[in-house]
Amino acid sequence: MKTMFHIGRYFVFMFQVFSKPEKHKIWFRQFFREVQSLGLSSTGIIILVSLFIGAAITIQMAYNITSPLVPDYVISLTTRDTMLLEFSSTIISLVLAGKVGSNIASEIGTMRVSEQIDALEIMGINPASFLVSPKILAFMFFIPFLVIISMFVGIAGGWLSAVFVGVISPQDYITGIQLYFIPYYVTYSIIKSLFYAFLIVSISSYQGYYVSGGALEVGRASTRAVVYSIVLILTFDLILTQLLLS
Amino acid sequence: MIVVEGVNKTFNEAQILKNVEAKFHPGKVNMVIGKSGSGKTVLLKSLVGLHKIDSGSITFDGRDFTKMRTKEKIAIRKEVGMLFQGGALFDSSTIEENVIYPLDMFTNFTKAEKLKRANFCLERVNLTGVNKQFPSELSGGMQKRAAIARAIALNPKYLFCDEPNSGLDPQTAIVIDKLIQEITKEYGITTVVNTHDMNSVLAGADSVVFIFEGHSWWHGSRTDLLDSGNPELDDFLFSSELMRRIRPTKQHK
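Sequence lines, in order, name chains X and S.
Residue numbering for the first sequence follows the working numbering, starting at 158 and increasing by one per position.
Residue numbering for the second sequence follows the working numbering, starting at -9 and increasing by one per position.
Hint data in this document are derived by calculation from the structure and do not stem from the laboratory.
Any given hint could be a false lead.
The calculated lysine-lysine pairs, modelled on DSSO-like cross-linking and capped at a C-alpha distance of 27 Å, are [stated by the list, open to error]:
(1) S/K104 to X/K159
(2) S/K13 to X/K182
(3) S/K13 to X/K177
(4) S/K106 to S/K122
(5) S/K25 to S/K61
(6) S/K18 to X/K180
(7) S/K68 to S/K18
(8) S/K101 to X/K180
(9) S/K42 to X/K182
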């Protein structure tokens, strides 16, 4: 029953979020501010995670593919497809659910408990639309860039492990990443990431928006935002993979 | 004038407001007093539409707020300024940006005009030289003054203040009280102040409504307050040592 209540309230909330903004100029200012705070500021962590995971995948593949019948370039081919199909969209989104999701839930939750949202409402501003819609659209706008950065950096990480650890020759690595490339994998990954971006921001905003109480409740909302985002990202991963790849 | 008639409000089966009646006059500081948990804040938030009342009516100069559509409510809210208990300034914006905020949203002023108006409001509340500072860099009293500056930026017809003195020392509280009184008289605003600070009430209330267990228990002026003869009001008024010291003097007179 409680779940149904939250699902219903979430959709009502989304209806408020996507109602017409009061002033377009102000909305665009907020939008670019959110591109900076949610998107650009996440670039560093995405580069770091992708670089290390790309390198680790390459080393793991090299240790697992030991048959003389399998050519070495299969290692980099597998690394590339792992990055393209799953890591750069889904795993990166799980990382972003932690970083961006908790940030949004605690920001909006703090605004709620310190009556800043009430202050917006008193001014005749629709707080849901004003605060949340620029966040959702800014993050959906920027996440494809993060996914593409992650793909490049992850594959580069694999190449670095080839050069410095020597699990595969750099020539074989380059050959592997060029073989059997299917461009649709990039499109598939970007489509998935758009869904994930929407889920992360809308769920986290919802959790923050309806906080009541104090600091403890803001912390709990932040945790719930991350947990629910992760569960829904994984659920949608399954659904979208079936829909887009089958 | 704001007229409250037969207002009832229930939360989770607990009735917080019970048939509340009150009139708040323009150009006057109308104070709502009562114990913590008596329903003062619920009444104030109901007045501005943050809580939807169960029954009754709230009229702003003859316009029934409870029967309005969302668009009409938004129009009324543009005539409303509110000072929240904690100030409710936007943390991520500077003081100047906070004051400019309502001007950005609801006026077509140029940048220079908005800045001029913001500076005027900040000067009016005696807060200068803090334009570029963030709320967290100011003291509690300065934050309250900045919040008043933001509340008056659009020249409101109605000003609501929820416990403006909470968390302030007595001297700063007096400064805030005086500011609210001056602004109310100067601009002819209908001001409603929620408080349990008796010093504020005795110094500046033009009219007083006492809320007791969700009922509007007593109405009157501050001069009638000390000898109302109302036992519940007397219990509330003379609960502090300071007020008890005043009481015999008054009775003696």
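Tested hints:
{"no.": "1", "hint": "S/K104 to X/K159", "result": "violated (46 Å)"}
{"no.": "2", "hint": "S/K13 to X/K182", "result": "violated (40 Å)"}
{"no.": "3", "hint": "S/K13 to X/K177", "result": "violated (36 Å)"}
{"no.": "4", "hint": "S/K106 to S/K122", "result": "holds (15 Å)"}
{"no.": "5", "hint": "S/K25 to S/K61", "result": "violated (35 Å)"}
{"no.": "6", "hint": "S/K18 to X/K180", "result": "violated (34 Å)"}
{"no.": "7", "hint": "S/K68 to S/K18", "result": "holds (20 Å)"}
{"no.": "8", "hint": "S/K101 to X/K180", "result": "holds (15 Å)"}
{"no.": "9", "hint": "S/K42 to X/K182", "result": "violated (31 Å)"}
Hints 1, 2, 3, 5, 6, 9 from the earlier list are contradicted by this structure; the remaining hints agree with it.
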